[in-house]
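Two chains, two separate frames, one set of hints: put the complex together.
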Amino acid sequence: MNHEKDKGEVNGNKDKKKESTRVKDFKVEYLARVEGEGAMYVKITDGVVKDVRLKIYEPPRFFEALLRGRRFSEAPDITARICGICPIAYQMSSIHAMEYAAGIRVEGMIRLLRRLVYCGEWIESHALHVFLLHLPDFLGYASAIDMAKEHKDLVKNGLSVKKLGNDIISIIGGREVHPINVRVGGFYKAPREYELQQLLDRLDRAKDTMVDIIGFLARLEYPDFERDYEFVALKHEDEYPFNEGRIVSNKGLDIEVKEFEEHIIEEQVEYSNALHSRIKERGSYLVGPIARYNLNYDKLHASVKSISREIGLGGYCSNPFKSILVRALEILYAIEEASILIKKYRMPDDPYVDVYPSNAVGYGCTEAPRGILYHRYVIDENGMIKEAKIIPPTSQNQKAIEEDLYHFAQRYVNLPDEELVWKCEQTIRNYDPCISCATHFLKAKIER
Amino acid sequence: MKGKRKSILIAGIGNIYRRDDGIGVLVARAIKDRIDTKSKNEISVDIVETNDHSSLIDVLQSYDKVIIIDAIMGNSMDRIGTIHTLSYRDIICNSGDKVVTSTHTIDLRELVMLIDIIYNDDKDLILLGIEGYDFGIGEGLSPELKNRMDDIVSAIIDKINEFICD
Chain A
5 MNHEKDKGEV
15 NGNKDKKKES
25 TRVKDFKVEY
35 LARVEGEGAM
45 YVKITDGVVK
55 DVRLKIYEPP
65 RFFEALLRGR
75 RFSEAPDITA
85 RICGICPIAY
95 QMSSIHAMEY
105 AAGIRVEGMI
115 RLLRRLVYCG
125 EWIESHALHV
135 FLLHLPDFLG
145 YASAIDMAKE
155 HKDLVKNGLS
165 VKKLGNDIIS
175 IIGGREVHPI
185 NVRVGGFYKA
195 PREYELQQLL
205 DRLDRAKDTM
215 VDIIGFLARL
225 EYPDFERDYE
235 FVALKHEDEY
245 PFNEGRIVSN
255 KGLDIEVKEF
265 EEHIIEEQVE
275 YSNALHSRIK
285 ERGSYLVGPI
295 ARYNLNYDKL
305 HASVKSISRE
315 IGLGGYCSNP
325 FKSILVRALE
335 ILYAIEEASI
345 LIKKYRMPDD
355 PYVDVYPSNA
365 VGYGCTEAPR
375 GILYHRYVID
385 ENGMIKEAKI
395 IPPTSQNQKA
405 IEEDLYHFAQ
415 RYVNLPDEEL
425 VWKCEQTIRN
435 YDPCISCATH
445 FLKAKIER
Chain H
93 MKGKRKSILI
103 AGIGNIYRRD
113 DGIGVLVARA
123 IKDRIDTKSK
133 NEISVDIVET
143 NDHSSLIDVL
153 QSYDKVIIID
163 AIMGNSMDRI
173 GTIHTLSYRD
183 IICNSGDKVV
193 TSTHTIDLRE
203 LVMLIDIIYN
213 DDKDLILLGI
223 EGYDFGIGEG
233 LSPELKNRMD
243 DIVSAIIDKI
253 NEFICD
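Quick mapping for you: the protein sequence lines, in order, are chains A and H. Heads up: the first sequence runs through residues 5 to 452, numbered per the working numbering. Heads up: the second sequence runs through residues 93 to 258, numbered per the working numbering.
Think of the hints as simulated: they come from the structure by calculation, not from any bench. As the structure is a prediction and not an experimental result, all values here were calculated from the model. C-beta atoms are modelled at their ideal positions from N, C-alpha and C, and glycine is treated no differently. Careful, some of the hints might be misleading.
[Claimed, not checked] Listed next, the stretches of chain A that the computed footprint assigns to chain H, with coverage defined by at least 3 CB atoms under 8 Å from CB atoms of chain H:
1. 66-76
2. 147-158
3. 163-172
[To be verified] Facing chain H, according to a computed beta carbon distance under 7 Å, are these residues of chain A, among others:
4. R85
5. I184
6. T213
7. V215
In isolation and in its complexed conformation, chain H is listed as follows (with noise of 0.2 Å):
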């Protein structure tokens, strides 16, 4: 929007009303106060929160590399708060079987490929999906999951360092 071509995007997606779903979007809020989004080694950082993909294809386009933290549908309580690392080929190729991002327009398969087929730009862009496990209706994440936050966070922002750097 803002007519630059600014660096790095942070998303985090999801809906903090429908319980560990949330869990992108509150992920994305609790390292804005851990990462300087001004300057990191001169990279301009934005963190943006939505409920919905389709509101990213407008705003994907200006960045250089794009980190999406988003929840997963796990079915499993024991593997609740695992952080699985997606590239963009492997969201591409995913067949929609293995990932299944929880509850959103366009999923995020479709805005990727979009985005590659109508801008010839295939994005340096990872998925960060954290399994949850109650996506009912309701405030506030899971116990399990909420306990887990504290790690969760810490170990999305090594990630996010890697990509950076990489």
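With the rest of the complex left out, here is chain A (with noise of 0.2 Å):
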């Protein structure tokens, strides 16, 4: 987003603008605890934002063009090598466009486990950020490793619950890391009922320990910070969304699935080769953990609903930094369903249905931990992928994350240099972004 109206003025006579105008580009190389590969650049003149430009170096569809040509069967896999941290989501959006385009909807104690292995990502994922990555910027250290020094007990229960997720995930998905157990139509092998009763014990841990660390979230400083987002998420008529759902908004938004090209449309910016995402009509919008909190919080168990009334967050959050306070929610929320789940499940007789589609167009849209993450394939009459069309959550928060950068940096202007860096990093990892869905390293430069 540019907001630099003059910009040709101060271009085009330099020597005179020197005298009267401050120019400062704000440039950080390097942002600490995001992951991938982008850089981030502010520019302000006389103590005004003039131009933030969130640029991400995505491999130009990279992913896109290995599975042209594959068999429909591969995708899961493939895709989920993009992602080192949500492999599941990966697969779980692949699998449903593929029986999408089978015309088939799989349902019993499949469905149930797709759910519940998701509960495990979810629960993983959200750890690693908000013990690991986030909560450092909230309690004033540089690292983890400066903050685990002094707070080893909450880093170590904070690493123990996000083993469990990693436990979850190890059983169904069929090793301790990186998931193969997932295929079209279901598993290759379903787990026995003890091998995941054997965790009801750790997820009533687990959840007594994310109570007590809520409350101590909720006790952090937050910035005084919101903006009046659009999100976006799906939305279930019994469930808190994991794999199935319509794409609803709070400003009007109300479409299935294979609608999402239709009112989603992504562009290309001169300064980054990641496309940026945005509603047709409207322009910018937030997916992830807030977005879905704020749409489905009726659908949260009553128990989770009671704590963050308690907390005085209640059921809507316009404030990025309490991202981390919702992540923690939705982490509470993951253990407490996976226990339900665990308690339902009876191993099927088979683990998958067969699935064949052919000469069909399939849409898949699942909840990965940093929101919506879309799929679309076009499936030959041989089962061989034509065409395929990934959008991952990141690439649809750029927009979200440049206007909160625009907004921050502008209140902080007066910040020396590095203080203004630190807050503006802090706004960056509000959205967990995980730019290895597209990218690797992130760099930031911001210039003044």
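See below:
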């Protein structure tokens, strides 16, 4: 977003301007604790933020190209490699798209297992962000290492919760790291009941741990920063959403998954090779935990709602810094939901149903930890992928992140550079941007 | 995860869709066929692959010895395939300038330091870093690294055996 209306004047008469105008280009060469590759640029002139650009060096749709010509059944494993943090999300969006293309809806215990494995991914991914990447900002530490030295028990408890999420994924996904048991139609092998039931005691303990931690997080100091976002998330009539639902917003969007590209478009911006998403009629929007929470608060367990009221958050949050609280509440929800699902689970006779999409288009959208993850595949008559489209949550949030940066940098524009950089980094970290979905390292650049 | 304390973990780290970044994963796969993972002198060996260091936080605690195979970003084609062996202390003391493990969330140094701080567990751990050159987007190693694959796998197996018997 460019707010630099007088840019030509500044550039056209540099010497004169040097006397009267203080132009500050704010540069950050490396953003700690944000994975991926990219850059942030903020330009400040005469104490006014003129330009903010979040540049993400997205591989130009490499995975979409890689998928072309592959068999439909390969999509879950290939797309799972896009992100080391949320492979389940990629697997789930792709299998739901393939099943849609085949006109099959998978129900029963397979559906339950999919929901359960997603609980594991939310717990693991959210815990990583809350305890190692985001919390140091609020406690005033530069890194998780520094924080762990003085808050050892807090980090240890957080990591025990993270490990529980990993163990759920491991039992259902087939191995401790990088799950391989997910396939179109279900799972290669279904776990036995006792394998999951052995987690129940740990889930109970983790619930207590998270209740304590949420109380601790609620007492942290949060910047007073709220914006009028358009929140977008899945909405299911009976459940807090993981795999299914309509795509809705707080400003009137209410569409089926297959209508995604009719309402949400991707645009190329000159300074980044990542595509920016926007709602056709209105512009930027926000996906992820806060959007999910605001649009699905009524579907949370009563116990989670009760805690959210106790800590004063209630059913609506528009402060991105409080996303750490919402993530913690979603961890608690996922722990409770996992426990409920495990108690209901009975090992199915068949771990999968046969699915053969042919000459069809499939759409899938699921709630990755960072927000909705959209997949579309065009399948030919032999079950080969002719075309693939993947829109990860971080791409969708880029405009909202830029707008946050613009407003937040303006508020703190008089801070020394080092402090302003730190504030901007925190603003970006609110979104847990999984830029590796699209990229490698993230660098940032701010100029005054 | 399985409750009992396992012995040796070999972790291949990297993204196989980022050219030479995938060398750690590919070497781990190759040695899987050449190391008896059920019992080697009554020692159990597990091999995992991931493109994210942070996922190892949950796993490392269960092992006595850990061998991490990862790509290192080199800046010279002449040194492609060179294997660097770094001990736990080398990694902890490294400022990050000398070892640039390629592309992952929490870097290896942060990972082992966290485990040390949280669990008082200064792991018997080594990093076998293999120098790559092309870390761009794409499937498959660069031709130069691919040509050296057999030698690299043999050298890594020697180093693993040396570490296990140490």
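How the hints compare with the structure:
{"no.": "1", "hint": "66-76", "in the structure": "holds (count 3)"}
{"no.": "2", "hint": "147-158", "in the structure": "holds (count 6)"}
{"no.": "3", "hint": "163-172", "in the structure": "holds (count 5)"}
{"no.": "4", "hint": "R85", "in the structure": "6 Å, holds"}
{"no.": "5", "hint": "I184", "in the structure": "10 Å, violated"}
{"no.": "6", "hint": "T213", "in the structure": "15 Å, violated"}
{"no.": "7", "hint": "V215", "in the structure": "21 Å, violated"}
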